[in-house]
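Asker: Okay, here's what each chain looks like letter by letter:
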Amino acid sequence: MMFGALRAVDDVSLEVQAGHVHSLIGPNGAGKTTAFNCISGVCRPAGGQVLLNGADVTGWPSHRLVSAGMARTFQITKVFGELTVLENVALATRSRMGCNLQVWGSARGRTDATAQAAEILKLLGLDGSADATADHLAHGDKRVLEIAIALALRPTVLLLDEPTAGMSTGETQRAAELIRSIAQRTSVLLVEHDMEMVLGISDIITVMTQGRVIASGPPAVVSADTRVQDAYLGAVDAWST
Amino acid sequence: MTARETGTRLLLAAAIALLAGLPFVGVPQFTITLLTEALIFAVWAMSLDLLVGYAGLVTFGHAAAFGLASYAAGYFAREVTADFFVALLVAEAVVGLVALTTGFVVTRVSGVAFAIISLCIAQVLFQVAVAWRSVTQGMDGLVGVPLPSIFGVTLGTGTPFYLLTLACMVVTYLALARLVDSPFGRTLHAIRTSEDRAAAIGINVRLHKWIAFVISWAIAGLGGTLMVFMKAGTTPMSLHWAESGNVLVMAIFGGIGTLLGPVVGAISFVFLRDEFTTRFTAWQLAFGLVFVVVVLAFPAGLAGIFSRAWNALWRARS
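Top to bottom, those sequences are chains S and L.
Positions in the first sequence are counted from 1; adding 340 to them yields the working numbering.
Positions in the second sequence are counted from 1; adding 564 to them yields the working numbering.
Since the hints were made in silico from the structure, they are not lab data.
Hints may be right or wrong, so weigh each one.
Calculated Cβ distances over 10 Å to all of chain L for the following chain S residues [stated by the list, open to error]: (1) His403; (2) Val406; (3) Glu511; (4) Asp534; (5) Asp565.
Residues of chain S clear of chain L, computed beta-carbon distances all greater than 10 Å [unchecked claim]: (6) Thr373; (7) Val397; (8) Ser407; (9) Ala455; (10) Lys462; (11) Ala492; (12) Asp543; (13) Thr566.
So, partial list: chain L residues that the calculated Cβ filter (under 10 Å) puts toward chain S [claimed, not checked]: (14) Ser758; (15) Ala762; (16) Ile767; (17) Asn768; (18) Val769; (19) Ala782.
As the structure is a computational prediction, the values presented were derived from the model and not from experiment.
All C-beta atoms in this analysis are idealised placements derived from N, C-alpha and C, irrespective of residue type, glycine included.
Full structure from sequences and hints, please.
Answerer: This is the structure in structure tokens:
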């Protein structure tokens, strides 16, 4: 990916295995969000390919990626604030059922979609706030609702963009458990800067600095890598102490 | 259906019955004429509400759809046949074609860019209406449009045409109310809230905005067709940006995103304008003041006042 003459992400290659939680981490400016945007179709890479279940989906618009099996969440929470929590998810289930263009008949009449949405909310522990307006949710619950909306699309791979951003320690803990549990339904590509959280839940971690991958492998291998310690962990330690 | 929904429906049915009964209980012809114009504007303002209130696409060029339909239906009625439904069909074909082509371009953008490009489209049509004299008679306007007929029966001005307009308005309301409540209608709400988020749940944002644009123009086309028969003609001013401003004022005054609000807004607009033009030379100034006061005090418009009172009534009951 090029921003003008700046090569923001160069020669980054990663493969998300089915059923894995694969984390992409790196310090600020490492290019992980840019890599995320190339994969999720927000910007088109200057070179390289994005393959989904073997099919080339490079540069596809978001809605086509969704039907191909890729769902995403946003770093800055974007839920449908005026709608109820249930309706937020029901929009996604109706979309997956292919009735977005249905102009006749009430949306509420699609009880099949609403039932599936309620099921997802239950799975993620949001069923208690199903009838609340999304804007009235606590920040942590909004982040979970983001994941619920994406999960309702039944993706083969779910892209999470810093899902724990702005969360308290307790909320982060809950979110980590949640991410681990949804890996049973879908592969997860997680973009994070919180190394500690990532170590606990990932199957594979890819570490980036300055637009390049410096290490990739299981948590134990990556955290023992001296280049990673120098480039990332050392920097974090120095910064946090 | 809850008791409250039944109550709302009964209230709407009573309002329609009241409007339909007005000509038969001694309401002066002059008032009926004003009301006819108001109901035509109501159709137009509801079509704008679909774009602005539901899809979140603010346009400064909604006169384009209305005026274009007036020209197409009026010209066809004068030259070929004054059958209302045939003229409407012709107007819809013209409006539909222009909406499909211009809509394809303009719905690729949002926000201010959408507002301005749609304004430009309306101004281009305005200039065409001024310059294409052989068809439009330029600034003199299209004149001599005959009275419409339905199934071979010529409709007189006054009560029959008023009832036709009322029927068109009611059908438009019922169709739009269903549309905004449908899965497609809900996707428009999603797009209005966040285009990125909507796309990320698999909604083809451009396609949906395009469809909403074409539907909105088609309904505005019904309004324009009614208007050219009511006035027996039209002028390029029907395409002018000031008219696009007026319909926005009606919709916002009544309350956007409610469908019924624009109806209330259109009726209020026509009667306030009539009231003010007889008293002030600068009637727009007086109307502008009322508009500012209402919008500041009730951001949800006149419909907001009604729905608040209606809700309070039901709360008090339970």
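Asker: All hints are to be evaluated individually against the structure, with a verdict given for each.
Answerer: These are the hints, each one checked on the structure:
Interface exclusion of S:His403 from chain L breaks down, the closest Cβ pair being 5 Å apart, not more than 10 Å. Against chain L, the non-interface label of S:Val406 is violated: not every CB pair exceeds 10 Å, the least being about 4 Å. Against the 10 Å criterion, S:Glu511 stays outside the reach of chain L, whose nearest CB is about 21 Å from its own CB. Non-interface status of S:Asp534 relative to chain L is upheld: no Cβ of that chain comes within 10 Å, the nearest being about 23 Å off.
Listed as a non-interface residue, S:Asp565 keeps its Cβ farther than 10 Å from every Cβ of chain L; the least gap is roughly 34 Å. Once the 10 Å rule is applied to beta carbons, S:Thr373 is consistent with being away from chain L; the minimum gap is 14 Å. Distance to chain L confirms S:Val397 as a non-interface residue, since its nearest Cβ pair spans about 14 Å, more than 10 Å. Against chain L, the non-interface label of S:Ser407 is violated: not every CB pair exceeds 10 Å, the least being about 6 Å.
No Cβ of chain L approaches the Cβ of S:Ala455 within 10 Å, the least distance being about 15 Å, so the stated non-interface status holds. Every Cβ of chain L is farther than 10 Å from the Cβ of S:Lys462; the closest lies at roughly 19 Å, confirming the non-interface assignment. Listed as outside the interface, S:Ala492 is inconsistent with that label: its C-beta sits roughly 8 Å from the nearest C-beta of chain L, within the 10 Å cut-off. With a closest Cβ-Cβ approach of about 25 Å to chain L, S:Asp543 is found to remain outside the 10 Å limit, as its non-interface label requires.
Chain L leaves S:Thr566 outside its interface by the beta-carbon criterion, the shortest separation being 38 Å against a cut-off of 10 Å. The restraint placing L:Ser758 at the interface with chain S holds, with a minimum CB-CB distance near 5 Å, inside the 10 Å limit. For L:Ala762, the shortest C-beta to C-beta distance to chain S is roughly 8 Å, which falls under 10 Å, so the interface hint holds. Against a cut-off of 10 Å between C-beta atoms, the interface hint on L:Ile767 holds, since the closest Cβ of chain S lies about 6 Å away.
Because the smallest distance between the Cβ of L:Asn768 and any Cβ of chain S comes to about 5 Å, under 10 Å, the interface hint for this residue holds. A least Cβ separation of about 7 Å between L:Val769 and chain S falls short of the 10 Å threshold, and the interface hint therefore holds. The beta carbon of L:Ala782 is not positioned within 10 Å of any beta carbon in chain S (closest approach about 13 Å), and the interface hint is therefore violated.
The structure shown violates the earlier hints numbered 1, 2, 8, 11, 19.
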